[in-house]
Amino acid sequence: MCGALLDLYQQVILDHGKAPRNFRRLEAPTARARGDNPMCGDRVELFLELDGERIGDASFMGRGCAVSIASASMLTEAVRGLDRMQAAEMASRVREMARSGDVPDAAGLEGLAALSGVHEFPSRVGCATLPWATLEAALAGGKEASSE
Amino acid sequence: MDMHHSFDVAAIRADFPILSTLVRGKPLTFLDSGASAQKPRQVIEAMTRCMETTYANVHRGAYQLSELATEAHEAAREKVRAFLNAADASEIVFTGSSTNAINLVAHSYGRGLLKRGQRVLVSEMEHHANLVPWQMLRDAGLGIGLGFIRITDGGELDLDSLRAELAKGDVGLVAVTHMSNVLGTVTPAAAIARMAHEAGARVLFDGSQAAVHRRVDMQAIDADFYVFTGHKLYGPTGIGVLYAKRALLDAMPPFLGGGDMIETVTLEHSTWAAAPGRFEAGTPPIVEAVGLGAAIDYVEAVGMDAIEAHERTLVDHAMAVLPGVQGLTLLGAAQDRGGVFSFTLDAAHPHDLSTFLDRRGICVRAGRHCAEPLHMRLGLEGGSARASFGLYTTHAEIDVLAEGLNAARRFFA
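Chains as they are written, first to last, in my numbering: chain A, 1488 to 1635; chain B, 613 to 1025.
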C-alpha cells in the first residue's frame, strides 16, 4: 500500500467516515447551510446552535465519500465551544491545509491534521473542504455552499 | 500500419504510446476509454504531418497549400461518410463535439422546423449532452415540449413506453442514445427509427459510445440524425460529427453565422451556403479532421467487426469476473451491451474507490458520468464507478481491476 494513500485514509478518517459523529439534525438550529459538490453528488447539511457568539452544538447530515463524511464529522467536534470568528478562522485554515498539506501551528488544529493528507490528491481536495465551506456559509448567514 | 489480419491486441497496444507508460511506477491500466480514448501513433503522426507539411486554412486560398489542406479536410469527410455508410459526403457536418452536434440540431432543426405543440422524446438514460439542449429548447418559449421514454429495471429502453409516447401523436423528434455511457446498453436503433417514422417523427441517435464499439450503418438504421465524437474513437478532441439526411440539412436554417457558411453577403443581408458548409461557420477543426480521418483509417484497418468481436470477449470476461467481487453491484443487465460497466461497492464510495484504484495504476471514472437523472432513477445519488473498455483493453486488465476491487474492499471494510 502506498504511503500517500495511507496518509489520506488515516485510521481517524476511516473511523469518522464509517461512524460519523453528530450525524443528526438539530431541533432548532440558529444557523444552517447546505453544501453540494456537483461533480460527485456529495452533500453536507450543517446545523449550528449558537449561544450568542458561541457555538453550543453542531451536527450534520449528508452523503458522500469517506473523506467528506469524515471531514464533516471532525468539524462538528472541532467547532463546538468556539465563537463565530474562531470557527471562521478554523475553516479558512483547514481549507488552506487541505490544499497545501501544511499543518499550521495553531491551537485546535491538531485533531484535524489528518485532513492534510488530501493535498496529494487534487481531485479530492473538494471532498475535504466541502463541510468547511458549508460552515463558512452558515456563519455568514448563507444557505448554500459549493465545493468549487 | 501493420495489417492486423487476426485480432492481435499486443500489436494494437504497441500502437498506443501512452499504454506503455507507468503510473506511479505501475503499469497503466486504462479503463476510462468511455470518457475519452487514447490515441494511436498513426493519429498523432497524421496530425503532426498535416501541421508540418500541408497546413493552411481551407476553402479560402487559391494557392497550393490551401488546396492541399482543403483536400485533406474533405478526404476526412469522405472517410466519415464511408465509416457511417452515409449516402453522400455532404451529409457529414463537422462540429466541435457530439455536444455541439446535438446543440446544432436542437437550434437549427428544433427551433426552425419543429412546430408549436410538438414534443421531443428522450430516454431516462441519456448523457446530459442529449438532455440539456432539449430542455433549453422546451424552455425557449416556442411551445415545443419534452417527453421521456422510460427504461426497464434491467437498464434497457422500454419500447412499450416509447410506443405509448409516440401514440400521443405529437412527437416531432425522438432523441436517444445508441449505447448508454453508464449501463453499456445498446439500444435497438433500427427498430426505434422504424417506430418513430411510423409515427411521423424524426429520430436522432447519440452514437458517442456506439460508434466506437461496433459498425453503425446509416442505411440499415435509417437514422435521420446521428452524432459521434472524435476523441472517443481514438481521434483528437475538438471534432465531432453530425450526420443528417440531405433533405433535412437542405431544409434546416443555419445555427452559427460567420465565414464559410455563406453564399453572398451584403451589409444588410446574407444567403446561406449549401450543406454541409452552411453548418460549419468559421475556420473548421482542420488538423482535427485529419486526425479523425486517421483514426477511422486505423479502426477500419483493424476492422470494426473484429473490434466488436474482441470487445464481446471482454464483456463476457467482465461478466464472469466482476460478479465474483464480494459486495459489488453491477448497474444494468441489458441483453445487448457494450464494454461499459458501472458498479458500486458496498464498502467504499465511488470516489474513494477511484482514488484507491488510481494508486494501483487503474483509471476508472467515479461520479454520475454526466447522467445524473439515470443515477437518480437507479437510486444512486452518490454516483457509481465505471470501467469502460477500448479496442486495446485486455482480459488481464479486467483481472487487475477485479483484484483492485477486492483489495479496496479489504481496505475500506
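Don't read these hints as lab results, they were simulated from the structure. All values derive from a computational prediction rather than experimental measurement. Watch out, some of these pointers could steer you wrong.
Label-pair distances were calculated between CB atoms; the ranges are [claimed, not checked]:
{"id": "1", "chain 1": "B", "residue 1": "T764", "chain 2": "A", "residue 2": "G1629", "range": "23 to 29 Å"}
{"id": "2", "chain 1": "B", "residue 1": "N1018", "chain 2": "A", "residue 2": "R1550", "range": "21 to 27 Å"}
{"id": "3", "chain 1": "B", "residue 1": "K727", "chain 2": "A", "residue 2": "P1525", "range": "33 to 39 Å"}
{"id": "4", "chain 1": "A", "residue 1": "G1595", "chain 2": "B", "residue 2": "E664", "range": "58 to 64 Å"}
{"id": "5", "chain 1": "B", "residue 1": "G871", "chain 2": "A", "residue 2": "G1629", "range": "33 to 39 Å"}
Covered, in the sense of this in silico footprint (three residues per stretch, anywhere, with C-beta under 8 Å from a C-beta of chain B), are these stretches of chain A [claimed, not checked]:
{"id": "6", "region": "1518-1531"}
{"id": "7", "region": "1551-1563"}
Backbone N, C-alpha and C fix where the C-beta goes; we use that ideal spot for every residue, glycine too.
Going through the hints against the structure:
no.: 1; hint: T764/B <-> G1629/A: 23 to 29 Å; in the structure: 42 Å, violated
no.: 2; hint: N1018/B <-> R1550/A: 21 to 27 Å; in the structure: 25 Å, holds
no.: 3; hint: K727/B <-> P1525/A: 33 to 39 Å; in the structure: 35 Å, holds
no.: 4; hint: G1595/A <-> E664/B: 58 to 64 Å; in the structure: 60 Å, holds
no.: 5; hint: G871/B <-> G1629/A: 33 to 39 Å; in the structure: 46 Å, violated
no.: 6; hint: 1518-1531; in the structure: holds (count 5)
no.: 7; hint: 1551-1563; in the structure: holds (count 4)
Consistency with the previously given hints fails for numbers 1 and 5, ordered from lowest to highest.
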